[in-house]
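Engineer: As a plain string of letters, each chain reads:
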Amino acid sequence: MNNEPILKVRDLRTYFNTDDGVVKAVDGVSFDLHPGETLGLVGESGSGKSVTNLSVMKLIPMPPGKIMGGEALLHGDDLVKMDERAMRNIRGKKISMIFQDPMTSLNPFLRISTQMIETIRLHEGLSKSAARSKAIDMLGTVGIPKPASRIDSYPHQFSGGMRQRVMIAMALSCNPEIIIADEPTSALDVTIQAQILELLKKLSADFGTSVIMITHDLGVVAGMCDTLAVMYAGRIVERGPVDEVFSDPKHPYTQGLIKSVPRLDTAGQGRLFSIEGQPPNVIDMPECCPFHPRCQFAMDVCRTHYPTETKVDETRDVHCWLFNSEREKQEVEAR
Amino acid sequence: MSSPEKNPDTGAVATEEDGRLLTVRGMKVHFPIEEGIFIKRKVGAIRAVDGIDFEIRRGKTLGLVGESGCGKSTTARAVAQLIPPDEGEVIMDGVDLTKAGKQELLKARMNIQMVFQDPYASLNPRMTAGDIIAEPLRVFVNRGLLDLSKEAIRDEVGSLMERVGLSAAFRNRYPHEFSGGQRQRIGVARALALHPKIILADEPVSALDVSIQSQILNLLTDLQDEFDLTYLFIAHDLAVIRHISDEVAVMYLGRIVEIAESDDLYKKPLHPYTEALLSAVPIPDPKVEAQRKRIILTGDVPSPDVERTGCYFYDRCPKRMDKCRSTVPRLQEVAPNHKVACFLYFEPEDQT
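If you're matching them up, the sequences are chains L and C in order. Just so you know, we're using the numbering used here here: the first sequence kicks off at 1 and counts up by one. Just so you know, we're using the numbering used here here: the second sequence kicks off at 1 and counts up by one.
Looking at chain C on its own, in the form it has when it is part of the complex (with noise of 0.2 Å):
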């Protein structure tokens, strides 16, 4: 990493220079496990998100890719401070969300929206879908933030959900009463009422059907388009990610291990782990598929509860050396914007 950014004072001037929307810095989230039954005592920690740094430019996708229990996920809701990081930074058009107060934090919100994977359970089924698109924008004003009349919201909800592809008349109808494509696009239309500056996509469309999540995909990148938003996407899927990302950040057991420009990772990955998992995933062409050498990893992930020394992927890596059992690699720039986690790249002496 460069010594500029490594000074926390300087974050928001290079905000406004080099069009970085959000910083984020050794973020930490630890879920401690406890025991006892009156007095609980801390035994241990499930090391969800273990110190890791990423920055997002104005108007570009940061795609997030990894394996169930990476922490993906927890990653976002730490951005979003709905599970307030242990440690590190979260900077956001010069404001740390880590130490903003609360009202600094619910102005900050009205920029970060999330769309969530399951559109079944993240939508409350006792409100109507013109309800839930409004709730935001309800939420604020009854907080003296925003200054709409409840004519303005109707229009400005009848509006959202034609762009999102739903007609306004169905502004009445519950959720049961629409297909999951319709449901997610209700999704989307909530974190939009805001005009959010990042949305947050937390596998949008993974619980869609093929021919349902091309058509979110598209209207993702659509809106991306007219309203200059900035997408944090996180989805398990290493060709969604492909298509929708300008920069991919590949996480194993809640670190990053390489990150760069969408199609430098996929044409050239560095870190072992990025080529098992690129490898692992089937092409749908048969004749491409017929000459694909697969690297298949043994084992599974392990557990996120002990503290590490090494690199966090020595037990599954088949390139695993002697060095990389005591020291934890941390993410070097090995090449133009690519950065990677692996002694394969640099010696353990020359960590920064």
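In isolation and in its complexed conformation, chain L is listed as follows (with noise of 0.2 Å):
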């Protein structure tokens, strides 16, 4: 893995301004993505998993949202502050995305060349004839059998296994560096997903394209990403390699989460251990940990100051007081 990140988001925020209030969606977000990694971004429903992906590729409808401040790097160049047409280079050619349901983000209308042509003679520049031959080559190496006839159909007539395959295949078509895979296999049946899983994987490492995957699934980050953040009403609470994180967890939340899971290789005796309460309503949030009514260590600086990002060691950071020095936490309070 090479040191120099091709993504650096910082402090990244997204707001959404509702009758109720502020909804700070991605409220300081801060991550790097390098050239081959597959980064697994896991939280709650609302947790901010989808908005962070869609502040870094510009697709957060305005108003009623709004990019607050922050950056997001992309080699340097800060797509948070590029214009429209600018960004048009970047999606699909740069960045692309594969969502959760592909029934819906497939226009049903249109057969699946339409669809993939359109892309790839916009961003390669190609004829159409070349542009279609690219098309075809591509839902050959995501596993669809006879690609030739079948790209001339309509995307009701896959299967939602072969429809993600279709979205895989146009994701890659313009051999993009980083692919954001938003919950991509959650609709789909376990052995579906672990076939999808499995293309994913191979042709993230055959291309050495960056994965950023999201999913509340903890096992599919196991078994799919190279490091993880897990995200709590906004923000990234801890972050490190997996192996790492699941088998030391610092944060109290990234505790109770993997522990609150049942697992499939042991017997399931007696009660799960479970984070009681419910995720916190991000409207107005005040200024403390958003964690602590759910935290059994909450102390009363929790209450009050949200904790300061502490470096674990060289490879892992963690926002949470247990692991900030007396003095800081001190400071934080006299302040």
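Possibly wrong hints are sitting among the right ones.
Derived pair list, reagent style DSS-like, types lysine-lysine, alpha-carbon separation capped at 25 Å [unchecked claim]:
hint, chain 1, residue 1, chain 2, residue 2
1, C, Lys102, C, Lys197
2, L, Lys329, L, Lys311
3, L, Lys311, C, Lys287
4, C, Lys287, L, Lys202
5, L, Lys202, L, Lys134
6, L, Lys201, L, Lys94
7, L, Lys201, C, Lys293
8, C, Lys268, C, Lys60
9, L, Lys128, L, Lys146
10, C, Lys99, C, Lys28
11, L, Lys8, L, Lys201
12, L, Lys201, C, Lys287
13, C, Lys102, C, Lys60
14, L, Lys94, L, Lys134
15, C, Lys28, C, Lys267
16, L, Lys8, L, Lys94
17, C, Lys287, L, Lys259
18, L, Lys202, C, Lys293
19, C, Lys293, C, Lys268
20, C, Lys267, L, Lys259
21, L, Lys58, L, Lys93
The set of hints was computed from the structure by calculation and includes no laboratory data.
Now that you have both chains on their own, put them together as the hints suggest.
Structural biologist: So this is what it looks like as structure tokens:
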């Protein structure tokens, strides 16, 4: 893995103005993505996983949404400041997305060929016939049988798993550097999920693509990802290499999350560990640790101040007062 | 299958003796495919449930797993007689529900309740939480099958809400004021209202976040101990099924391909489909994941609209043999309490 990250996200903040108040959907998210790295972004619904990535792609509906600050540097160019025209050359070409539900993200009125050739011609400047043969190649690569004839089918003529393969073919067709996969297998059955994950893993290795994998399934992260970022209420609360985070989770939320999932390889006896309470409402969130009402280690400082980022070791950091020194806590409380 | 079970007359007696609460035999549900605008002609059938047998013992949980479209939900609905099965028997407490009269069925339904997957869709948005939970009680009071005063219903609703972890002060709130996990608690309270013997839970935790999922699973486990409930628990998540079930049945294309004690099935899966299914599930542990070998099945689940003359899994099976093509394997006991429908373990001629 090269040391220079291709994507550097720093203190990204995306807020939504609603009738009930300001929703801080993403509130100071920072992470790096290195070439060839697969980063897993986990969290519960509403934790800001998808909004983070839509912000990077500048696909947030504005208004009501607004990117309030921060930067997303792709090879040093800040996507947050880029205009719509320049963004069009990024989307699909440099960064492409795979969505959860391939039925809603493919246009049901257009043949697969039309949808694929359009993208390829736009970004690669190929002739119609060259773009078509490239599209057929890609469909073959993702394991669609008889791609030359299937390319003229409509999306509804494919099964769920096949549609997701079409999405992957479209996403890879312009050799992007980054693929953002937003719950790519959550709508699929386990046997089909296994096929798709295997395919994604193989192709991202073959093409050297970096992947941001958004998921709520810790199992998928364990099998697919190199690094992991856990999100809670719009912030990344813990970040690090997958092996280390799973074997020694630091943040009480990560610990709870890993413990509360029933596992296939252990017999289920009695009760599961469970994090009590509900995920917080992110409207007009006060400056506290959003996890403190559900946290068994909550201290006074957690109720009044959001923890500063602490490096636990070289590759890992965590946002939790448990890992700050006494001095830091006192400094913050004195302020 | 052993011979006494084949005699339908012994059903009632057997229920009392060996603690079986629910027995399903040879149940089939076929949905007709029709053609024509004015005069409908039946041109085929979707064989959603194509002949299944299982039984659930009192106070135990039977987990039903399978991929979407394999007939799990239809099975639950057919057991509750929401969709009358085309063939077969559903014997609950000695009464065959498929042949029961209207009054008899109504009484039986007090003992069978359901919890649904989507707590957003299964609660009426125009009713308050209190009314939703009280509704089953009111229905049976109106029909003269229960004798409860208004105050008694009110108290009952309050204690049900407290029991499932909701404050009784929330009884006048509407479903949209609750979070997903709380809504599912309302659904559970409604199912408990009539003190049923069996709860058919159709993907009750699939729509919930991980941390909420474990809360609801714990609640269901606690309620089972407290009220001696029996569950038919449907899920596509095999880890959840393993956690909650005493016995597990694996369905494929409308048939049960394997049924066994939970631990037994997960440690020693016999059917090639079960094996593939188990190997496909990701385990939340990178060290375990790195060493696992996946059996990747090719292709998709075929459409259930044709009558099959061979094994239903034939097209995708990595271990298929010639004999699988021409004879349908029936579920047979190949180890104690472990039944499987696969010719790897017996010959077609041995089928009873």
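Engineer: With reference to the structure, classify each hint as holding or not holding.
Structural biologist: Cross-check of the supplied hints:
no. : hint                 : in the structure
1   : C:Lys102 to C:Lys197 : 19 Å, holds
2   : L:Lys329 to L:Lys311 : 16 Å, holds
3   : L:Lys311 to C:Lys287 : 24 Å, holds
4   : C:Lys287 to L:Lys202 : 19 Å, holds
5   : L:Lys202 to L:Lys134 : 19 Å, holds
6   : L:Lys201 to L:Lys94  : 19 Å, holds
7   : L:Lys201 to C:Lys293 : 15 Å, holds
8   : C:Lys268 to C:Lys60  : 21 Å, holds
9   : L:Lys128 to L:Lys146 : 20 Å, holds
10  : C:Lys99 to C:Lys28   : 15 Å, holds
11  : L:Lys8 to L:Lys201   : 22 Å, holds
12  : L:Lys201 to C:Lys287 : 17 Å, holds
13  : C:Lys102 to C:Lys60  : 28 Å, violated
14  : L:Lys94 to L:Lys134  : 18 Å, holds
15  : C:Lys28 to C:Lys267  : 30 Å, violated
16  : L:Lys8 to L:Lys94    : 14 Å, holds
17  : C:Lys287 to L:Lys259 : 16 Å, holds
18  : L:Lys202 to C:Lys293 : 15 Å, holds
19  : C:Lys293 to C:Lys268 : 16 Å, holds
20  : C:Lys267 to L:Lys259 : 22 Å, holds
21  : L:Lys58 to L:Lys93   : 14 Å, holds
Taken one by one, the earlier hints fail for this structure at numbers 13, 15, listed in ascending order.
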